[in-house]
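K.L.:
The residues making up each chain are set out below.
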Amino acid sequence: MGNDAALLYAKAATADKWETEERGSYDVDTLHQEYQQRLFSEKAVALMNAHSGKATE
Amino acid sequence: MNGASVRADMDSIRPFYGVDKIRVPDYTFRPPRRKNHRGQRLQTEHFLDLISRLTGTSRKAVPTDIVLLERILSDDTKEADYSEFNELLLLVNKDRVSRPFFHRYFGSKCRISQLARHIEQFQVEAMLRYGNFVFAYRTLSRIQDEDEFLAELGKLCTERTDGFSGRSPRLLEIEQIPRDDTALLGYLSTAQLAAELGRRDLLKLVFKDVGPKPDWSTLLESIKELTQPEARQPVLGIVENFRSRNKTATVADFERYLESAGKQIQLRHDRMTEVQAIAIRNQDIYLTWDHMDVYFATSMRKPWEFTDLYDFVNGLMKSQDMKDLPVSFFDPTQSYTKERVDKGLVESLMLKRASCTVYSVQDTDTLGKDSELAATLAQGKPVIAYVPSISELERMEQLLTNDPASLLDRLRFVLYADERFLLELTPQDVAFVEEFPALNEFTRTMPFRSIQDAILVDEFRKKYENELKRLAAIVAASEKRIYDGRANTLSNFHPLGIQVNLSTGVANGVLVVRSIEDCAKLLNRVLTSSMEFDVLDEKAHWSLRERISGSIFRVVTKNLKVNNCFWNFYLR
Chain A
10 MGNDAALLYA KAATADKWET EERGSYDVDT LHQEYQQRLF SEKAVALMNA HSGKATE
Chain B
3 MNGASVRADM DSIRPFYGVD KIRVPDYTFR PPRRKNHRGQ RLQTEHFLDL ISRLTGTSRK
63 AVPTDIVLLE RILSDDTKEA DYSEFNELLL LVNKDRVSRP FFHRYFGSKC RISQLARHIE
123 QFQVEAMLRY GNFVFAYRTL SRIQDEDEFL AELGKLCTER TDGFSGRSPR LLEIEQIPRD
183 DTALLGYLST AQLAAELGRR DLLKLVFKDV GPKPDWSTLL ESIKELTQPE ARQPVLGIVE
243 NFRSRNKTAT VADFERYLES AGKQIQLRHD RMTEVQAIAI RNQDIYLTWD HMDVYFATSM
303 RKPWEFTDLY DFVNGLMKSQ DMKDLPVSFF DPTQSYTKER VDKGLVESLM LKRASCTVYS
363 VQDTDTLGKD SELAATLAQG KPVIAYVPSI SELERMEQLL TNDPASLLDR LRFVLYADER
423 FLLELTPQDV AFVEEFPALN EFTRTMPFRS IQDAILVDEF RKKYENELKR LAAIVAASEK
483 RIYDGRANTL SNFHPLGIQV NLSTGVANGV LVVRSIEDCA KLLNRVLTSS MEFDVLDEKA
543 HWSLRERISG SIFRVVTKNL KVNNCFWNFY LR
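If you read the sequences in order, they're chains A and B.
Offset between the first sequence (1-based) and my numbering: plus 9.
Offset between the second sequence (1-based) and my numbering: plus 2.
Treat the hints with care, as some may be off.
[Said to hold, decoys possible] Sample of chain B residues with no beta-carbon within 10 Å of chain A, all distances over it, derived: (1) S54; (2) K80; (3) P171; (4) D217; (5) K249; (6) K383; (7) P429; (8) F450; (9) D455; (10) D460; (11) E467; (12) S531; (13) K541; (14) A542; (15) N566.
[Unchecked claim] Dumping the calculated BS3-like pairs for lysine-lysine here, alpha-carbon to alpha-carbon at most 30 Å: (16) A:K26 x B:K304; (17) A:K26 x B:K340; (18) A:K26 x B:K345; (19) B:K383 x B:K563; (20) B:K354 x B:K340.
I should point out that these hints are in silico values taken from the structure, not numbers from a laboratory.
Where a beta carbon is used, it is the ideal one built from N, C-alpha and C, also for glycine.
Turn these sequences into a full structure, and let the hints guide you.
P.N.:
As structure tokens, this is what we get:
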């Protein structure tokens, strides 16, 4: 096993490269919204709006 | 000035930095037992060498000077006062020295046989203040006024602090963030939690979308419809991971799990918000403090890097040598800013304000940490580099207290940092590292990584106790190799281990320590201006080595070309 391969040894199935990107600001609530925009399809956004945002607690 | 006042003045200007405790291994002037011609010549040669060391310039005595010099040196019990010493200097064609100079380094009178010790006192201060013997001698030997002399020599040599007694108490103290919450200040943790909040929200929407009693395929189909393709896999991964850990689970079980995990994630978000708010206030308080003594340079991304630094800072500041000093220090595990630009500016300001930097060496180099080391050295301030000296057994025990995912993360880091990892392992250990899929699988199949299932972690620890011990031992041995290598590199090989004060040209070396106890002793000495040194005449340079660390603090090259060219750009 080479060192490079080892770095991939335990890559989590639930990780997104978005999480490790360098960014200028790290406000958790702003990032939460940013990730929703990355993750949610148009249908999900419509569904969320239909529930008046209660889906996000 | 009569003799009594000279003595009083001498007491008041006795050099600091432990120069009165300098070891003089080779240069002590020892008169030959028999006063034959050869012995006399050796005395003379030694004297000329010492004067050359004092002035930083080569010998200039001609044979007729030497004949006269031998006449004076034939009495090795002779004491030279200020006038007589200057006559000796002129005899060997060197510049005279001023009274303040003579008094500081030679007292009211100086026995010829003690000359080496006194000249070393000068060398220590010349290296501390100027990093240069010639310029130091030319500058200091010409100053006639005592106050002007001390002012020129500067605080580094003349000011001993007395435990910060003149300071007012701070108006505001920071609010201490507990050890296990410090990782919530990590940018990686923040981004990871933001993503997991988003996935939790999405899965909640999915259950609203699918209606009552859905089956797994309906659920997966809804996930596909509600997610954008580039971010879909991690959400599917949550379902897959849950099902792989709970083979007979139903969708209703998953919904209940999601409800519980979602609450834990929300609690973690709330605690993160709370801790970050405290850390932001702490940073504001740090910025207002009128004194800043110590800056801790570090790079923290992974959770364990926060707790490791927390343990180090607390161990250091509560140690016997530091606990009674009312030191103001900037602790990065207690401070936070959301903006990258502000973070850089705050750290730069702390580097400017702090009297010294303690550099916590970790298993990998980072641009930020190395820049902080360089910025401190370039300002002419001391840098103490703490490189842990690892006991493999103790370290293995510590590692076993980590959760399995962190242990695997540490394994990945040492694989990255330890070039000899595979070479040092037995074939059996290589196979073991490669074929310990249970840990990989356990980590890979965590549905949400920002929260942990304590029951599952305990079960895993019990089931794989021997394997975890073996892995911890492998990681501990690797960490030891990494840290020993980094200490050696920083002390002996790395060109950046000695850098130059950009204002003065004085070379400034990193002080490397391997234990918290030594770090505390040295930091105490740095902050109270009581460091002790040895002057060493090495092959290519003179070095001023700090005694606790054994590290080079100052250096003067013997390379004439480098020396001349270098100082032409700093002192002219």
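K.L.:
Hints first: check each against the structure and report whether it holds.
P.N.:
Hints, one by one, checked against the model:
1. S54: It holds; B:S54 is separated from chain A by about 53 Å at its closest Cβ, greater than 10 Å.
2. K80: holds (69 Å)
3. P171: Non-interface label stands for B:P171: nearest chain A Cβ at 33 Å, farther than 10 Å.
4. D217: holds (20 Å)
5. K249: B:K249 clear of chain A: closest Cβ-Cβ about 17 Å, beyond 10 Å.
6. K383: Since the minimum Cβ distance to chain A is about 29 Å, B:K383 lies beyond 10 Å and the statement holds.
7. P429: holds (12 Å)
8. F450: violated (7 Å)
9. D455: Holds, since 14 Å exceeds 10 Å.
10. D460: The claim stands: B:D460 keeps its Cβ more than 10 Å from every Cβ of chain A (closest is about 20 Å).
11. E467: holds (19 Å)
12. S531: With a cut-off of 10 Å, B:S531 remains clear of chain A, as the shortest Cβ separation is near 40 Å.
13. K541: holds (38 Å)
14. A542: Per Cβ check, B:A542 is outside 10 Å of chain A; nearest 36 Å; holds.
15. N566: With a cut-off of 10 Å, B:N566 remains clear of chain A, as the shortest Cβ separation is near 45 Å.
16. A:K26 x B:K304: holds (16 Å)
17. A:K26 x B:K340: Within the cut-off at roughly 20 Å; holds.
18. A:K26 x B:K345: holds (23 Å)
19. B:K383 x B:K563: Between B:K383 and B:K563 the Cα gap is close to 27 Å, so the pair holds against 30 Å.
20. B:K354 x B:K340: holds (22 Å)
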